[in-house]
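Asks: Taken in sequence, the protein lines are chains A and B.
Residue 1 is where the first sequence starts when you use the working numbering, and the numbers rise one by one after that.
Residue 1001 is where the second sequence starts when you use the working numbering, and the numbers rise one by one after that.
Please keep in mind that the hints were generated in silico from the structure rather than gathered at the bench.
Please note: incorrect hints may appear among the correct ones.
As the list claims (entries may be wrong) - As a list, the in silico EDC-like pairs of lysine to aspartate or glutamate whose alpha-carbon atoms are at most 16 Å apart: (1) A:Lys244 - A:Glu134; (2) A:Lys135 - B:Glu1134; (3) B:Lys1135 - A:Glu134; (4) B:Lys1034 - A:Glu161; (5) B:Lys1098 - B:Glu1230; (6) A:Lys290 - A:Asp220; (7) B:Lys1244 - B:Glu1134; (8) A:Lys45 - A:Asp6; (9) B:Lys1244 - B:Glu1161; (10) B:Lys1257 - B:Asp1286; (11) B:Lys1165 - B:Glu1230; (12) A:Lys34 - B:Glu1161.
As the list claims (entries may be wrong) - Pairwise CB distance ranges (calculated): (13) B:Pro1020 - A:Asp64: 40 to 48 Å; (14) B:Gly1106 - A:Lys290: 32 to 40 Å; (15) B:Gly1196 - A:Gln229: 47 to 55 Å.
Stated by the list, open to error - Footprint (simulated), chain B over chain A, 3 or more residues, beta carbon under 8 Å: (16) 31-39; (17) 111-119; (18) 133-141; (19) 147-155; (20) 158-170.
Where is the CB? At the ideal position from N, CA and C, for every residue including glycine.
Number of protein chains: 2
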Amino acid sequence: MIQLTDFLQTRKQRIEEAMPVYIEKLQAPETLKKAMLYSLEAGGKRLRPILVLAVLHTYKQAEDAGIATACAIEMIHTYSLIHDDLPCMDDDDLRRGKPTNHKVFGEAMAVLAGDGLLTQSFSLIVNDPFSSSEKKLRIISELVLSAGAEGMVGGQVADMEGESKNLTLLELQYIHENKTAKLLSFSIISGAILAGAPEEDIEKLRKYAYHLGIAFQIQDDILDIEGSQEIIGKPIGSDTTNEKTTYPSLLTIQGAKEKLSDHIEQAKEFVDSLSVPAELLIQMCDLIAKRDH
Amino acid sequence: MIQLTDFLQTRKQRIEEAMPVYIEKLQAPETLKKAMLYSLEAGGKRLRPILVLAVLHTYKQAEDAGIATACAIEMIHTYSLIHDDLPCMDDDDLRRGKPTNHKVFGEAMAVLAGDGLLTQSFSLIVNDPFSSSEKKLRIISELVLSAGAEGMVGGQVADMEGESKNLTLLELQYIHENKTAKLLSFSIISGAILAGAPEEDIEKLRKYAYHLGIAFQIQDDILDIEGSQEIIGKPIGSDTTNEKTTYPSLLTIQGAKEKLSDHIEQAKEFVDSLSVPAELLIQMCDLIAKRDH
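Let the sequences and hints guide you as you build the complete structure.
Replies: Written out as structure tokens, the structure is:
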């Protein structure tokens, strides 16, 4: 049986080898390509793209079929980080311990590098040599729902509008479902579509992914209190300083940890009821609950 | 025979009725939807979306088949204007005589409204009830080439990098081909794909569109010198103030006008050699050469 830690390590490398190829071959101004590559290559866990491969692995399908979609997701995630870090948004100077995109390339280029990554991600899916027309269109449709106004972009707006406000748990949940969970969920669903998983499994995986995504965010909030700046690569305690509503601020740190456990348990239940054993996806739950960065 | 001026007027209305529907139905924060709608509804000639319908009309196909793609193009064009107007880019306060998006909604919301419009445009194409899977995928592939790093985004970067530099005619051509001509070209090509035009016609239309797009930009440069601020809706003379390289600055105003004529003539030649008569597309050449805003 494959261990998730091995899977993560080997597939991270595979994703990191594949991604730059899509950018380097572009006929585009060199500075733009450099700015796009800079943030794509800034590291990170590559959790979202690896989830695509993990689902293909679960259904015993060749992981090659997931590379293009996996890289597309990492491009979307990266574009969102570049735009979130802008002075007019979160105004962050550091990301994963390195200067943010606009600190290196300037704000205008950072906006355009984000726009370029977002647009290009659709090209990877459309030109995926391993996918069928039907799968491509379904994946693009899911991607827009996850990444656009009805997903990540909408979540970011709600997050901005909720700053320094006292949010209810429902409002906080809306933000995280849209800002974080939907793109994680897209990784899993696109993997399932590519794998040709049964429709019932796809719906169970959607629920698994929802709980996993919320758990991911709760752990993020907990790390901002209990984490180590050196391991995370960015200052901790910023939520408290910014008077942000978080799971710990609403539920106490103990309550947040219980909520995290609940979501992890529910995620496991959905994945346990799939038509195939899904050891990697179960291990993913524990990894997210216990991650330190 | 239909007159282009009538066609423009009636189809502009049709596009302006169709566009808001795609935004209003989104399950997204109200402010985001307002910001997206604000710029979509800020007017403009709607030339790009109308070109899709004009090509369908040319091939005697129902224009309904072009509405979704036409609206998608206008969303892409609008997102690019919102991001171009940002303080870190062109820092414009007015667009079509109205305050720019970030002046009304703030910079962060303007970035996100642009991101939302760009992402949503793909949804319109994927969910187009009149299109086939094959056409949708081909159109998305063309859209990425026109709007992304290899097209409009790349052109915008080259434009930024060329500011206050003395550009050669070739460099200026590269900027305008990418920043302006490719999206105009996409309108025409997507219309041709939707119409089921013969492949040879599609390639001729690509060349027609290229010359039309460059002509459009040359006329833009001329209008910045000879135009009327009241008609254009923004201050004129800004290119000279910003020491921008333009067609008139490289070729003199007379030379620019001759270049404009050349491109218009070449556009007409390509469109004259199509397998169908294309009266609207010929009239479009004259309209662009003589436009005053």
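Asks: Taking the earlier hints as the rules, which of them does this structure contradict?
Replies: 1, 7, 11 and 15
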